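S.K.: Each chain, written out:
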Amino acid sequence: MSLLRLDHVSAFYGPSQALFDVSLHVEPGEVVALMGRNGMGKTTTIKVVCRMLKHRGGALAFDGQDIARWPSHRAARAGLGLVPEGRRCFPNLTVRENLVAAARPGDWTLAKVAELFPRLEERQGQMASSLSGGEQQMLAIGRALMTNPRLLILDEATEGLAPVIRAEIWAAISRLKRETGLAILVVDKSLKELGLVADRGVILERGKTVWQGKFADLDQLTRDRFLGV
Amino acid sequence: MISREGLINTALVFGLLLVPLWAHFSDEPYIVTLSTRVAILALAGVGLNLALGLGGLVSLGHAMFFGIGGYAAGILASHAQSYTPLFEWPVVIEGTQFMPVIWLVAIVASALVALLTGALSLRTSGVYFIMITLAFGQMFYYFTISWPAYGGEDGLSIYVRDRFPGLNTLVPIQFFGLCFAALMLALVVVARIARSGFGLALNAARQNEARVRAVGIEPYRLRLAAFVISGAITGLAGALYADLNRFVSPAMFSWQTSGEIMVFVILGGVARLFGPVAGAALFIILEEVLGGMSDYWHIWLGLLLLIVVLFARGGLIGLIAGQARRDSAGEGGGHG
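Protein chains in written order, with numbering that gives the first Met the number 0: chain A, 0 to 228; chain B, 0 to 335.
Calculated from the structure, these hints are not laboratory results.
Incorrect hints may have been included.
Below, computed lysine to any residue pairings styled on SDA-like, alpha-carbon distance capped at 25 angstroms [unchecked claim]: (1) K191/A with G180/A; (2) K53/A with E208/B; (3) K111/A with R194/B; (4) K188/A with I66/A; (5) K188/A with R210/B; (6) K188/A with Q211/A; (7) K53/A with R194/B; (8) K111/A with F197/B.
All values reported here derive from a predicted model rather than from experimental measurement.
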């Protein structure tokens, strides 16, 4: 049974249709890359999965349960851990407080997050708003992990960061895959890095799933056609 | 190293403790009573500050809890004085002048009303939340006006000060001690709440509701719990205020009382733990000093409030201690 399954999902922003036919699945312990050019529906798909946007058509299931009518906090409690686009921390809480506010019982603790991101331990008393972009991103990932998710969703986690910080975050994602077996759905444009961690890939084009398969099978023609690289 | 705000807080605690002690030994009971008023009004403000400062809930109905606490004390004491039971069926419930029981009733009654009114009002936000809390407060106000059994518009007198084991509560300094202890306890509770996961999530919900939902937290429940605790603390203040004045009246429920409690919080500093203490102390000092000069002293209070809101958003504490570590409800958004 898939951990997450979307079948022919469609969604709208008011009268404008953003998703036409999105299908994807994530298996337990699997890292799936959700790819596509800008404006193709990746973030909208994430919003639908996390119940921040209601879908109109198709089916959506997490761990075999229909989550179509769930509010976003219930989906998060069920194990969907989101790292939203744009490093959205709670700016007026300290690093430690950001993590404690989101904490739920489970394997992930402050110590374990600090082990994954030692920078956060150094900055634990500092306000989130005073962190660098990379540190805020680490905090956003740490905060999602503190909810003890079963599926971690990373939406453009490395966008706009310095190469050295990006490398640090990709290393953390690899470590999560290797050491915890956590299922991860990752949206990113860095195909090289995605290739190092993703088991499978899904490509969206104008709100439709146009390709999915093993990441290793993603050929140059498909890349050129749908990813513009 | 202790922060500047920590030093101010310590000074406030010692000031509030030492002034009435000095007044007691200098045979100035009026100053002890004034200090007791500061402690009680600060306690009411501490209750509101939990909802307003931490939760961003701009409630204009906290007089409702203050009044419920007051009437709990007044009704229980009046029945004890007249030796008539509150209820005879299905069980006989007598009145009491035993403070711990009165406080418990005040806290439970305020918390229950906060639960019911909060469950409805927290489904709204912005100006609607402000209006609905105001409306609930006014409902209680008009109800007590038309409740002849307990004095109606004239209010209800408590002829004897309620009792507390081991203390003579008629001695002003001893009654002050009780009120001071209640204030300190409430400050400890609120400080602990603010540092707990619950308090941090409440603060986070004020900053961004969608973001806390994304980490599995339902802001409505958080806010309702905060509103209930906040109401219970303000209710306790109401019970103490009734005992201080030995009188309760519908005015305790009025929107002006809600406004005054909010003024203490804003003057002292919204979201600052000791903001209501500083605000209540400043309010009482102004009332005494300016009130002695003119009947229209509220004009000067209004001017001061205007200056604080425009130029010193951290209130008195913010002005001295510098910018808040966290933004206030007024600055960082909020539910109300």
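S.K.: Return the numbers of the hints above that this structure violates; sort them in rising order.
M.R.: Violated hints: 4 and 7; rest satisfied.
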